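Visitor: Protein sequence lines, in the order shown, are assigned to chains A and B.
For the first sequence, the residue numbers in our numbering are 1 to 317.
For the second sequence, the residue numbers in our numbering are 1001 to 1296.
Just so you know, not all the hints are guaranteed correct.
Stated by the list, open to error - Taking beta-carbon pairs under 10 Å as the criterion, some of the chain B residues facing chain A (in silico):
# : residue
1 : Thr1148
2 : Ile1150
3 : Pro1247
4 : Trp1251
Claimed, not checked - The list that follows gives simulated cross-link-like pairs (lysine to aspartate or glutamate, DMTMM-like), each with its CA atoms no further than 25 Å apart:
#  : chain 1 : residue 1 : chain 2 : residue 2
5  : A       : Lys130    : B       : Asp1263
6  : A       : Lys7      : B       : Asp1138
7  : A       : Lys130    : B       : Glu1026
8  : A       : Lys130    : B       : Asp1131
9  : A       : Lys179    : B       : Asp1263
10 : A       : Lys7      : B       : Asp1131
If you are wondering where the hints come from, they were derived from the structure by calculation, not from laboratory data.
Given the structure is predicted, the values throughout are model-derived calculations rather than measurements.
Don't be surprised by glycine CBs; every beta carbon is placed ideally from N, CA and C.
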Amino acid sequence: MTRFILKRIGLALITLFLLSVIVFAISTILPGNVGRSVLGPFATQESVDALNEQLGTNRPIIEQYWDWASGLVQGDLGTSLTLQVPAWDLLQPALENSLKLALVAFLICVPVSIVGGVIAGLRYGGITDKGITIAGISFAAMPEFVTGIILILIFGIWLGWLPVTAQAPEGSNLLTQVKYLLLPALTLTLVLFGYIARITRAGMIDALDSDYTRTAYLKGLPSSVVVRKHVLRNALLPTIAVVAVQVGYLVGGLVAVEVLFNYQGIGLLIYESAREKDLPLLTAGVLVVGIVYLIVTLIADILYAMLNPRIRFGTAE
Amino acid sequence: MSAVAAPEPTPTPVTARSESRAARSERLRLLLRTPTVLIGVLVIGFWVFCALFPGIVCPYNPIFDNQLPTSEPPSWAYPFGTDTNGRDVFSRVLAGSRSVLLIAPAAVIIGTVLGTTLGLITGYFRGVVDDVTGRFIDAVLALPLIVTAILIVTAVGSSSRWVVALTIGLIFTPVISRTVRAAVLAEAELDYVQAARLRGERPPYIMFSEILPNVLAPIVVEFTVRLGYAIFAVATLTFIGFGVQPPSPDWAAQINQYYTFIDPYWWMTLFPALAIASLVVSVNLVADGVREVYER
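Next comes chain B alone, as it looks inside the complex:
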């Protein structure tokens, strides 16, 4: 369709839209042709499926104590062994993706919405607001994500999963706003923004209806990259005892419960650890592919 649209002297909004749709499907095609992205998507898909239908995939009940023998090493009957409460570790690993797949995306959505808004405002208005926010962002970035998260969660006095999601989302806000701001700065110089300004459009309209659609690419990239960090952060917080608590089969919660018994009960810790590794690595492989496709 782009071959037909190209020679038209004045492209109407309709052709512009179909061109952008063509670009989008082209990007998607490129993405799915990258082997690392494909592997990543398959692994993520597997864990999402497990999170949605734990009843179908788990051979035993993953949460309540079973009548299984306790602390059995891996065998044909229990491929990942059983834990000290007589639960099948294989079932618990399959059921363990659920909470992290809820919390991490929620955190990134919060961070992206807030960060995009802040980035649009600071990038569009610049001036004093931008300078002051920039300094504050520098200060926030001086603290490692986990350390800030621990401080906030302790100060709030609760580490329920939504507090954790909100905390990580808030910590992501400045970083995401930096990326969006940089894109907006370049965009605000272009003619269509000047034209909208001369037409007398209000700033919110210019920011959200004119500029935002044109800076979506860096936002998409940032979103996928942040998703990897969010899983990293949620898992780390859960591992040190904030966030989801036992008896939840959450991977990091399992590790928190059993890592001190790693010798000799290695299977209770290793398999959840490998599950986390498979998920974060997959998300990062996809994020890397997305970045490459969008930034070429």
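One chain only, chain A, in its complex shape:
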């Protein structure tokens, strides 16, 4: 078990290193001339040279990466070009806001999707199953901003139940904040529902079809006990892995949702830094998104291992 966890942490660190190389390569090598690409074709050569000097992008690539990466290790994510403040000072509050939104979305989404998947699995092949599956595929397929617009129209404008912006007024209590977050969270929920419900459903069908379930039925257990003690425990295991992967997706989905609802999260910050051509801030934001994803999948991996007796007792990897 300890070996398993250490191995996963090691792998995550390697992935993190490669991630930093990729992000660095895209943001530094791809533009060719960073100063030119930030300032545009009409800037004078002097101002381009000056910006390259200031950013240090006129030095050899390896040296640049080394400087940037050793800064990262010490917690220095670089400096925003347009605002001239450390990128982390902007990213930290944005990340907190995004995590708040993601948390509300998850608290709604995970139970609803699992229940949906379990029902679909129990009613495998029936009308309820088809309905849940098709609704899941449809919502998962729709871009978040499309779902968001439809929800804004129905619940925000026509029914007038919920506020259409996500940012609660300054100093409002927790309940009001959650109320403001409901529409964007619901948008993310609808998109995630399909993925999570699908995996839960597949897990249910597998478990229902297994020998141990048949044995449980044949030894005379009531079906509620069979489902609760035998089927669910096995069916929900793969769901955990999917939920973790979807967190990564969630952060990507946040960009569109935060732009639509004008919510000051990391998605909106990434969007704004891209519009302002603030490459250092954008690079830092992208890297933070990647790190969040790696941490969440690492936790999910470990959780999965702890819940799965085959890994817990070290009989399989």
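Since the structure of chain A is already known, use the hints to place chain B on it.
Guide: Structure of chain B alone, referenced to chain A:
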């Protein structure tokens, strides 16, 4: 024809080909018998038709300012209303499928060609190349598609439609190569690959002429699934202002232009949004059917 071919002791390449053709037409028949696939195909067909012949389907000019009254709510004369520039929203929605139906398939074709090549190479050679690529792919997958796309488009400094197509294609490459690699790994163990190797065939020949035809099924499935994601990604990028720009009637570009006026001008945003929804849902219904037919 398969009934005649079956008892033959040594199937010649010709019967093998006709058998695979039979399997293909059987799959197609199965596909078109699934109601969800049929609905999907019809809706996609409708949008492709609109993209090809906007002149026939649009009652008004979708791009240039018309002399219509501005910001009219939906009525019999203008079923989807008019926008703030006096353009008929119905005409703009009908003309709006064009760019996404160009960019998304282009992106998936780029991704499929590159991803298949990479998957064949890593799956066939395995070893160090495979390990290193695998680690890199893990790292790429740690970033959400849209976030990576925003970074690339900003770094390149241009978000023309072909930059967007190439960007999304490149981001799809690792994912597709994973799928192809897994299929190649299973295939490379089989006798015909060993035989080709013993015959002294070169690796490129074995990969592309021997293995590739046998891993087409997962590639087809991956292609249709990715097409849905590509439309999703292109629309999202356009919505946040990268890619096609106004005055193009592109759906996401329309939404980008008008979503801040959604109250009270809801029709300028809702109808393009429903159009996007109809297209992505259709593509995904078809993709789901394809997956079911190919993976049974």
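Visitor: None of the hints should be skipped; say for each whether it holds.
Guide: Hint by hint, here is what the structure shows:
{"no.": "1", "hint": "Thr1148", "verdict": "holds (7 Å)"}
{"no.": "2", "hint": "Ile1150", "verdict": "holds (5 Å)"}
{"no.": "3", "hint": "Pro1247", "verdict": "violated (20 Å)"}
{"no.": "4", "hint": "Trp1251", "verdict": "holds (9 Å)"}
{"no.": "5", "hint": "A:Lys130 with B:Asp1263", "verdict": "violated (35 Å)"}
{"no.": "6", "hint": "A:Lys7 with B:Asp1138", "verdict": "holds (15 Å)"}
{"no.": "7", "hint": "A:Lys130 with B:Glu1026", "verdict": "holds (24 Å)"}
{"no.": "8", "hint": "A:Lys130 with B:Asp1131", "verdict": "violated (40 Å)"}
{"no.": "9", "hint": "A:Lys179 with B:Asp1263", "verdict": "holds (20 Å)"}
{"no.": "10", "hint": "A:Lys7 with B:Asp1131", "verdict": "holds (16 Å)"}
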